[in-house]
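**Student:** Given next are the chains, with one letter for each unit.
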Amino acid sequence: MGYTFVLVHGSWHDNQAWAPVIARLEQQGHKAHAPTLAGHARDASKSVSHADCVASLVDYIRRNDLKDFILVGHSFGGTVIQPAAEQLSDRIRRLVFWNAFVLNDGECLEDNAPPHYKALFDQIEQPDGGVMLPWPVWRDAFIGDADEALAKKAYDMLSPTPRRSHTDKVPLKTFSSLQIPKSYLNCTEDIALPPGPDFGWHPRMSNRLGLYRLVQMPGSHEAIFTNPALLADKLVEAGRD
Amino acid sequence: MGYTFVLVHGSWHDNQAWAPVIARLEQQGHKAHAPTLAGHARDASKSVSHADCVASLVDYIRRNDLKDFILVGHSFGGTVIQPAAEQLSDRIRRLVFWNAFVLNDGECLEDNAPPHYKALFDQIEQPDGGVMLPWPVWRDAFIGDADEALAKKAYDMLSPTPRRSHTDKVPLKTFSSLQIPKSYLNCTEDIALPPGPDFGWHPRMSNRLGLYRLVQMPGSHEAIFTNPALLADKLVEAGRD
Amino acid sequence: MGYTFVLVHGSWHDNQAWAPVIARLEQQGHKAHAPTLAGHARDASKSVSHADCVASLVDYIRRNDLKDFILVGHSFGGTVIQPAAEQLSDRIRRLVFWNAFVLNDGECLEDNAPPHYKALFDQIEQPDGGVMLPWPVWRDAFIGDADEALAKKAYDMLSPTPRRSHTDKVPLKTFSSLQIPKSYLNCTEDIALPPGPDFGWHPRMSNRLGLYRLVQMPGSHEAIFTNPALLADKLVEAGRD
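Chains A, B and C supply the protein sequences, listed in that same order.
Start counting at 1 in the first sequence, then tack on 183, and there's your number in this note's numbering.
Start counting at 1 in the second sequence, then tack on 183, and there's your number in this note's numbering.
Start counting at 1 in the third sequence, then tack on 183, and there's your number in this note's numbering.
Don't read these hints as lab results, they were simulated from the structure.
Honestly, I wouldn't trust all of these hints.
The list treats identical chains as one, so a pair stands whether inside a single copy or across any two.
In silico DMTMM-like cross-links for lysine to aspartate or glutamate, where the CA-CA straight-line distance does not exceed 20 Å [claimed, not checked]:
| hint | residue 1 | residue 2 |
| --- | --- | --- |
| 1 | 335 | 424 |
| 2 | 365 | 330 |
| 3 | 352 | 293 |
| 4 | 335 | 420 |
| 5 | 336 | 420 |
| 6 | 352 | 288 |
| 7 | 336 | 424 |
| 8 | 336 | 197 |
| 9 | 365 | 331 |
| 10 | 356 | 288 |
If we strip away everything but chain A, and leave its shape as in the complex, we get (with noise of 0.2 Å):
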């Protein structure tokens, strides 16, 4: 009857941003896993590589020997379960972008965003190696379906991200060849990337996964926090078989 999903967090997320999403899954009948990756949260090092950030996930589901799972990941997590399905393409059900990167081979994140997030990065980069959202991009490009109160509820709850998870080209040589059925769910007012062919997030990402199942919703980047419920919906109308 119900499924199990595995919960892949973005960039200055951690895994408490999930609760009301697995609140509502597990409301309907479905399991729910959501570790929180390497360099992520406030009191974790910021010096990390995205290997770790990679390694941290697939630790995770061998630890608890998570198996027939759809696997979703969120933004900056859509390059973390790229290379966790190569290692673990027999665990796992579907895979679920939501508006997420989807790498080629040997690519990092930042080839996929516009220069002036590169620009903005290498000014506010700290010496451990963090950098955190501004408020104003997160209040308009990320969060503008909230209220204001809403918005900064949700920016308390934010923590700087590792620079290198954004940086380091991540190797993939098998990702396109993995027989693994895919879904991009696409929240239909995400501007945390300039919408267009040259950085938005759908089609550009999506259609780089060749035979893959579309859904959409109303929201923002952050719909996390916005509507939650809706997303658990939406991410089980992609998920499932």
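Given chain A's structure and the hints, the job is docking chains B and C onto it.
**Tutor:** Chains B and C in isolation, oriented as in the chain A frame:
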């Protein structure tokens, strides 16, 4: 009060798929006809030309002496209502293209489809000229908004489509100068063609109509199965004066 | 609690079109002003410049000593709120572009419209400098979501628009460096400009704003007539802090 609709199905379909749409249209006070095109349906010979498909529609309309109707084409059906409109322009109140191909003079359907479809169809074409759509493509790219049970039930209603209907060049000498009003109905989750400027339905196909009305609704390429009532309502919105 | 809105209409419109939107805003506790721009409305002289339109807006705001307001521009109105924002930057809380033009320094509206509009307007411009929008274009490209009765009723409220407001080049020396927050409200069925990268509203115009908030709603270019209550609610979502 009510309008008369002539509903032209797409590839792999026949007239049966329209039944719930027709029920809704009639409930709202409209009339609807849904002929099966030559070479379509399970028991039909697959060795028909594109011109045979067009002739079967034109004959149906003349035989039933239909006048002042809204002519709707879905997907491949767009390539059939275009030449039919050239022959029957004085009978048609409005043309509605529902996620349909809009050909330029002398093109065929496959001229407007991505190369991977041509390669696939070359591989799977049967000796009798028929081509069946593979289940994985159907499940995720055509009917991604259905649950698995509905996806299977609808797949069982499909039959091989005559390949020549996709590859015969279609002369369209007068279509662009016809004075018939035109609408395009776009399902926003339709990825039967890969979304984007190169191969997407909208606005690539719709903009070829010149002055047109745009109606959109949520749903996949097969909203005829997943949401026939809303589809009927949107066909009225697209087709009304 | 409530916000103050200044609502700037588009071409062929005057302040009357905003009445149902204002009623809804006031019902929700907001205040709203809707001046008629120079050269607009039925009895106005059509021999006005773009600068006259801007001056009429700036004068209205100064005369009423409006401060701390959300300045909204629809369609052509975008080209008016841009220079007004340069002159009144300290009075404006946020700029909202609703399916509006966003000009680069020294451009005019017709620099950003498809050639077929220029050709049409050249043909139908009257000796007094006014241009009326033809009914077929209005019916399908501007207000395709209305039934015919509403489309006609709304058409009767239009009046010729001064051509120079579309062809005068607009100096915008400081707009791109203004620190005023910005939003773009996009109606998803708006095809008054042909959708797509060459001429579409969004993201072609919206991306010119740099950092901005995106709000979307269903509807045509003329949701002011077809769904004024939702339009008002979305203007609040776009305009709030």
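**Student:** My question is about residue 365 and residue 330: at a cut-off of 20 Å on alpha-carbon distance, are they close within one copy, between copies, both, or neither?
**Tutor:** between (33 Å within a copy, 15 Å between copies)
**Student:** Classify it for me, residue 336 with residue 197: is the Cα-Cα distance of at most 20 Å met within a copy, between copies, both or neither?
**Tutor:** Answer is within: at 15 Å inside a copy they meet the 20 Å cutoff, but 41 Å across does not.
**Student:** Is it within, between, both, or neither for residue 335 and residue 424, if the alpha carbons may be no more than 20 Å apart?
**Tutor:** between (37 Å within a copy, 11 Å between copies)
**Student:** If the cutoff is 20 Å on CA atoms, where do residue 365 and residue 331 land: within, between, both or neither? Let me know, please.
**Tutor:** between (35 Å within a copy, 15 Å between copies)
**Student:** From the Cα coordinates, with 20 Å as the cut-off, is the pair residue 336 and residue 420 best called within, between, both, or neither?
**Tutor:** Between copies only: 18 Å across, 29 Å inside.
**Student:** What label fits residue 356 with residue 288 when the C-alpha limit is 20 Å: within, between, both, or neither?
**Tutor:** Answer is within; shortest intra-copy Cα gap is 6 Å, inter-copy 44 Å.
**Student:** Have a look at residue 352 and residue 288 and pick one of within, between, both or neither, based on CA distance no larger than 20 Å.
**Tutor:** within (8 Å within a copy, 39 Å between copies)
**Student:** Indicate which option fits the pair residue 335, residue 420 if close means a Cα-Cα distance not exceeding 20 Å: within, between, both or neither.
**Tutor:** between (30 Å within a copy, 16 Å between copies)
**Student:** Should residue 352 paired with residue 293 be assigned to within, between, both, or neither, using CA atoms and 20 Å as the limit?
**Tutor:** within (9 Å within a copy, 38 Å between copies)
**Student:** Please sort residue 336 with residue 424 into within, between, both or neither, judging by C-alpha distance up to 20 Å.
**Tutor:** Close across copies (14 Å), not inside one copy (36 Å); limit 20 Å.
Checked against the numbered hints given earlier, this structure breaks none of them.
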